[in-house]
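As they're listed, the protein sequences go chains A and B. Quick note: the first sequence uses our numbering, first residue 2, plus one each step. Quick note: the second sequence uses our numbering, first residue 2, plus one each step.
Wrong hints could be hidden among the right ones.
As the list claims (entries may be wrong) - FRET-style restraints, in silico, Cβ to Cβ: (1) N12/B x A21/A: 15 to 21 Å; (2) K278/A x D397/B: 37 to 43 Å; (3) L161/B x M100/A: 29 to 35 Å; (4) K185/B x L161/A: 55 to 61 Å; (5) M100/A x S356/B: 21 to 27 Å; (6) K185/B x A177/A: 39 to 45 Å; (7) H365/B x P275/A: 26 to 32 Å; (8) E173/B x K278/A: 46 to 52 Å; (9) T62/B x N388/A: 43 to 49 Å; (10) M100/A x A21/B: 46 to 52 Å.
FYI, nobody ran anything at the bench for these hints, they're computed from the structure. These numbers come from a predicted model, not from an experiment. Backbone N, C-alpha and C define an ideal beta-carbon position, used for all residues, glycine too.
Number of protein chains: 2
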Amino acid sequence: MQISSMPLGYNHPAILGAVANSDNHKIIANRPALGSFPGRDWPKRLKNVLLRKGVAAPGLTQITTMMCGSCSNENAFKNIFIWYADKKRHGAPFTREEMESCMINQSPGSPRYSILSFKGAFHGRTLGSLSTTHSKYIHKIDVPAFDWPIASFPEYKYPLEENVRENKKEDERCLAEIEDLIVKYDKEKNIPVAGIIIEPIQSEGGDHHASPEFFQELRKVSSKHGAALLIDEVQTGGGPTGKMWCHEHFNLESPPDVVTFSKKMQLGGYYHTPDLKPKQSYRVYNTWMGDPSKLILLEAIVNTIEKENLLNQVVRVGDYTLGKLKDLQKEVSGKINSVRGRGTFIAFDCTTPASRDEVISKLHAKGIQAGGCGVQAVRLRPALTFNEYHADIFLDALRSILKE
Amino acid sequence: MQISSMPLGYNHPAILGAVANSDNHKIIANRPALGSFPGRDWPKRLKNVLLRKGVAAPGLTQITTMMCGSCSNENAFKNIFIWYADKKRHGAPFTREEMESCMINQSPGSPRYSILSFKGAFHGRTLGSLSTTHSKYIHKIDVPAFDWPIASFPEYKYPLEENVRENKKEDERCLAEIEDLIVKYDKEKNIPVAGIIIEPIQSEGGDHHASPEFFQELRKVSSKHGAALLIDEVQTGGGPTGKMWCHEHFNLESPPDVVTFSKKMQLGGYYHTPDLKPKQSYRVYNTWMGDPSKLILLEAIVNTIEKENLLNQVVRVGDYTLGKLKDLQKEVSGKINSVRGRGTFIAFDCTTPASRDEVISKLHAKGIQAGGCGVQAVRLRPALTFNEYHADIFLDALRSILKE
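Start from the sequences and build out the full structure, keeping to the hints where you can.
If you want it as structure tokens, here you go:
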């Protein structure tokens with residue numbers, strides 16, 4: 002599904018219909034600079050689509066549209082830095098020294114603030130977002146990076162139900178490390194942590210899950226230290242976990258400060274709290290600030306998700322597929338392990354990177370496109386329209402490969 | 002023109018026709034992940050549109066597509082860093098230390114390389130490109146930046162023909178400063194300059210021009226010090242200076258190593274030399290790597306530019322407008338100055354920021370959308386279809402405002 006970016010598969014009639022509708026052709030032909038010259042109906046379109054109840058990330062009322070996942074994270078970082086700096090100067094106006102020093106990339110105008118990220122994370126590949134990406138060396142080598150703190154993401158033992166105590170300890174270890182890093186970077190390195198970025202499921206890094214309790218505590222740690230919590234839903238957002246946003250599974254005490262998205266949402270962007278809205282214009286800005294032609298596609302998509310109850314289908318088919326995969330894990334004992342997932346956002350590990358690549362290549366020969374992630378995981382990223390019939394085709398093919 | 006991003010104005014029949022053509026609807030509806038799953042005809046489409054003779058930047062055979070101007074510059078930086086690092090290690094494989102240190106943002110894997118940029122420059126707003134942007138403090142304040150060198154861009158006295166000697170000296174001053182900075186950052190700060198980024202006309206910063214001789218020497222300085230030369234044509238590219246790429250006016254001894262684009266080209270991207278192509282896969286990569294639906298629009302645009310000889314029209318109408326503006330500059334002596342431009346990419350200065358804002362606001366009241374840039378400049382960024390009739394409407398309105 003084009004790296005998890007097609008929510009309804011190919012040639013869905015709702016999307017083709019939106020593109021064929023001549024009312025939409027002028028929107029596709031005349032791309033505006035949304036930051037300065039939005040079309041008259043742009044606010045209404047945002048309300049009806051991205052801010053619609055059931056689509057918007059719960060509790061977040063503000064939306065900023067962008068182009069792709071990397072630039073959504075980069076601009077969300079900027080929103081966080083601007084908010085953090087305003088807190089630090091207690092709302093006072095910029096000093097002359099700040100205004101002048103930033104023009105030559107020096108502090109205090111260009112401050113040494115940081116974003117804390119996690120080992121194994123993937124948040125994009127432009128220079129800011131790449132400084133928070135730590136999934137594969139080939140993404141990062143030879144490219145300059147900011148000296149920002151990197152904490153451990155929980156590494157659980159599977160099956161979860163047999164390793165409850167150990168995995169709870171792992172949560173505690175990681176949370177303690179996060180707090181230590183925040184204090185160390187602030188006090189020792191003079192690089193305060195303005196925000197924390199985390200995926201609700203580390204996707205590119207290997208489909209690493211963390212518990213709702215971990216995320217609940219992370220929300221508290223983040224607030225306690227005055228750092229914004231950014232949940233990166235670029236790969237998990239838009240329905241594949243059975244909720245519109247994966248972090249809805251976590252029952253956080255209060256919403257994250259920022260939720261970024263792209264891929265299945267067709268355009269990039271982020272939801273955020275009113276606090277994070279800059280007080281001055283032109284601070285988070287670029288020529289296009291998104292693309293109304295993508296909102297046309299997204300409107301058809303979210304209408305279809307609602308009309309066809311696709312989130313319920315994802316839960317049902319996800320449970321079915323996960324259950325069958327767990328059965329298969331026992332059946333082929335030792336050949337695959339750590340079957341895990343939410344909705345149809347499912348993965349399992351092979352025993353070596355080579356055996357993983359072999360499984361993917363043999364699936365491919367049978368007409369099934371699957372992807373690898375992390376060191377030796379196979380990940381499933383079907384469209385939301387994936388059903389039991391499709392699951393059975395996949396499961397039969399996988400069984401016969403593993404039994405060979 | 003939506004911040005110089007609409008080459009043919011609104012609702013051009015060629016663009017509307019391309020969008021209405023049902024052959025194109027599946028391309029708009031099914032956006033691929035171009036880096037891994039390009040459509041069968043994607044290479045042909047790239048050859049026919051972006052790499053077409055008369056469209057491609059002369060001498061550059063390689064194309065990488067992206068989403069917007071910022072991410073084009075960011076990814077071009079990465080290409081430059083990768084090329085530079087490979088030169089430094091004489092083509093040897095990565096060391097274990099490099100592979101491990103880059104995962105935690107530390108050298109040698111995350112090296113302290115830099116991109117040299119210029120005072121007054123604008124290259125985008127994500128964290129890497131923002132480190133090379135120096136046009137207005139509000140773009141930069143409170144956002145961390147890399148410590149990269151910043152050189153003076155020539156500041157000329159106008160009219161040029163009366164200040165030849167002085168302006169030549171200014172070129173020499175800036176070129177000497179560039180060489181000094183390259184040496185200083187390498188030897189004293191241990192932050193080698195891997196590349197130089199420059200606009201052929203500093204646009205957002207105030208429509209600052211530099212001479213062809215300056216750019217010719219810059220090309221030599223860049224090669225001499227082993228740094229790649231990146232010409233950022235995001236605002237100047239696509240025809241407004243009367244050539245497809247503004248740097249074609251400069252008669253460089255050899256082509257720049259990279260030319261980035263966006264805006265009028267509908268999608269982002271860059272042309273580059275074969276040397277800059279990374280030897281390994283997945284180093285410059287992201288989910289979408291551009292957008293075929295934008296190439297549909299661009300194809301209609303470049304066909305129209307050819308068929309209607311629009312580059313010739315830009316030269317003719319640009320000369321006409323520039324001549325009339327120079328006459329007007331004399332006529333209203335002292336009220337505007339430094340009339341300058343190439344093609345219809347024209348600007349003039351007012352005497353104060355306030356008088357500039359007043360001119361723009363009064364033009365607006367007469368139904369004319371003009372933009373400000375730099376401290377007190379008014380910039381013209383019409384579509385390529387702008388003709389003498391439109392120029393006269395603008396010139397009459399401006400004359401009556403300046404005479405009031």
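Hint check results:
{"no.": "1", "hint": "N12/B x A21/A: 15 to 21 Å", "in the structure": "holds, 19 Å"}
{"no.": "2", "hint": "K278/A x D397/B: 37 to 43 Å", "in the structure": "holds, 42 Å"}
{"no.": "3", "hint": "L161/B x M100/A: 29 to 35 Å", "in the structure": "holds, 32 Å"}
{"no.": "4", "hint": "K185/B x L161/A: 55 to 61 Å", "in the structure": "holds, 56 Å"}
{"no.": "5", "hint": "M100/A x S356/B: 21 to 27 Å", "in the structure": "holds, 23 Å"}
{"no.": "6", "hint": "K185/B x A177/A: 39 to 45 Å", "in the structure": "holds, 43 Å"}
{"no.": "7", "hint": "H365/B x P275/A: 26 to 32 Å", "in the structure": "holds, 31 Å"}
{"no.": "8", "hint": "E173/B x K278/A: 46 to 52 Å", "in the structure": "holds, 47 Å"}
{"no.": "9", "hint": "T62/B x N388/A: 43 to 49 Å", "in the structure": "holds, 47 Å"}
{"no.": "10", "hint": "M100/A x A21/B: 46 to 52 Å", "in the structure": "holds, 49 Å"}
The structure fails none of the hints (numbered hints given earlier).
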